[in-house]
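Since the structure of chain A is provided, determine the placement of chain B on it from the hints.
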Amino acid sequence: MLKLLYSMTVAFDITSGIVAALVGYYALKAYRISNRSCFLTLSSGFILLSSGFISHALILVSTLLLKPVRVFIVMISTYATLVSAVAELLAYVLIAVSYHKEIRRRLLAIMLMPISLNSLFCTISILLLFYIVLNQIMVYFDKRERSSLLLFMAFLFMLMGKIAYLIAILSLKGLLYVFSRIIYFLGTLSLLYMLHMVMKSEKAEKV
Amino acid sequence: MVDILRAIRSSTNGAKITWIMRDANLPYDRLLSYLTELEEKGFITKRKNDSNLYYLTEKGVDFLVEFEKLERFARAFGIEL
Numbered sequence: 000m001l002k003l004l005y006s007m008t009v010a011f012d013i014t015s016g017i018v019a020a021l022v023g024y025y026a027l028k029a030y031r032i033s034n035r036s037c038f039l040t041l042s043s044g045f046i047l048l049s050s051g052f053i054s055h056a057l058i059l060v061s062t063l064l065l066k067p068v069r070v071f072i073v074m075i076s077t078y079a080t081l082v083s084a085v086a087e088l089l090a091y092v093l094i095a096v097s098y099h100k101e102i103r104r105r106l107l108a109i110m111l112m113p114i115s116l117n118s119l120f121c122t123i124s125i126l127l128l129f130y131i132v133l134n135q136i137m138v139y140f141d142k143r144e145r146s147s148l149l150l151f152m153a154f155l156f157m158l159m160g161k162i163a164y165l166i167a168i169l170s171l172k173g174l175l176y177v178f179s180r181i182i183y184f185l186g187t188l189s190l191l192y193m194l195h196m197v198m199k200s201e202k203a204e205k206v
Numbered sequence: 000m001v002d003i004l005r006a007i008r009s010s011t012n013g014a015k016i017t018w019i020m021r022d023a024n025l026p027y028d029r030l031l032s033y034l035t036e037l038e039e040k041g042f043i044t045k046r047k048n049d050s051n052l053y054y055l056t057e058k059g060v061d062f063l064v065e066f067e068k069l070e071r072f073a074r075a076f077g078i079e080l
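If you read the protein sequences in the order shown, they are chains A and B. The opening position of the first sequence corresponds to residue 0 in numbering that gives the first Met the number 0, with each subsequent residue numbered one higher. The opening position of the second sequence corresponds to residue 0 in numbering that gives the first Met the number 0, with each subsequent residue numbered one higher.
Hints listed in this document are in silico derivations from the structure and should not be mistaken for laboratory results. Please read these numbers as outputs of a predicted model, since none were measured by experiment. There's no promise every hint is true.
Result set (DSS-like, lysine-lysine): computed pairs, CA atoms no more than 25 Å apart in a straight line [claimed, not checked]:
| # | chain 1 | residue 1 | chain 2 | residue 2 |
| --- | --- | --- | --- | --- |
| 1 | A | K142 | A | K28 |
| 2 | A | K199 | B | K58 |
| 3 | A | K199 | B | K68 |
Just chain B, same shape as in the assembly:
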């Protein structure tokens, strides 16, 4: 899921499903279920005028920043999150 959020973040003007598939290295059906879950949790959103593109919400950005802090913290101990 974090890979999906990272893939969306890397595209500044919104991310297409095909880009996310490539960056997160996930098959289409699994990616769709994850995207639905992330949308329900309020981490990502689609804009009304362009429903093909995904954007990170503020909650998604905050989560990713917090996750990356904890990732660095864990790596300092030699543990992968």
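With the rest of the complex left out, here is chain A:
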């Protein structure tokens, strides 16, 4: 069961890492053409997000291959999750900063008392994702384009996945953890579809 859970997490992480790297790459290309700093920040955010996913997956793969004692597996995976959570958090900060640079809206500072370090990072990620989702829905209402709607859905799934993940780690429910990863993965798929759509379509389709 543990092996299946790890394999599923590795597969989701690698796919999410590749998709995030692709978005980062296109943001970097946009920066090279336009020379606008918000694209560089956006690119750094997605590259960091990607590196968090990939490093998490690599640590889990090496743990599976080396087959250490169960207690070490749990310890290593906990540290791996912590490392990727920090990378993820910094990534969301960068993405939120890029939105902030462009849209110029202030984030409300909310003080929370988290139970553990992991839940603290998760809570901050949720707040940042909430901010990103709010900005993206405004972008969608402004542009009325399918790509913006898909990006909104991607961030919304990521937000819902993070909320489910926080509840899962607080209530220690394995099934909820799997559910949270699947929801988060749907966000990655929406991101991938958005990329596919903007790269394929000749003209942006109006909804």
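Chain B in isolation, oriented as in the chain A frame:
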């Protein structure tokens, strides 16, 4: 510069300077300097038999296609290129 490339692309049989001026909304002297730059970079060309008309090169077409992809990508994030 992208507006110039778009203006040239919209004219299938080559674009005159006056058409480009109108479509890209640029004054004559600035347009000339941009056209020289784009020609030097290999994005546009003039044909030997008709030097009054500008055409997009393959490199220019590729650049415009790539730029428009990135434009759609940026617009999805609510950012204008």
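A quick look at each hint next to the structure:
With a C-alpha separation of about 22 Å, the suggested pairing of K142 of chain A with K28 of chain A holds against the 25 Å cut-off. For the hint linking K199 of chain A to K58 of chain B, the alpha-carbon distance of about 19 Å falls within 25 Å, and the restraint holds. Among the hinted pairs, K199 of chain A with K68 of chain B is consistent with the structure: their alpha-carbon atoms are about 8 Å apart, no more than 25 Å.
No hint from the list above goes unmet by this structure.
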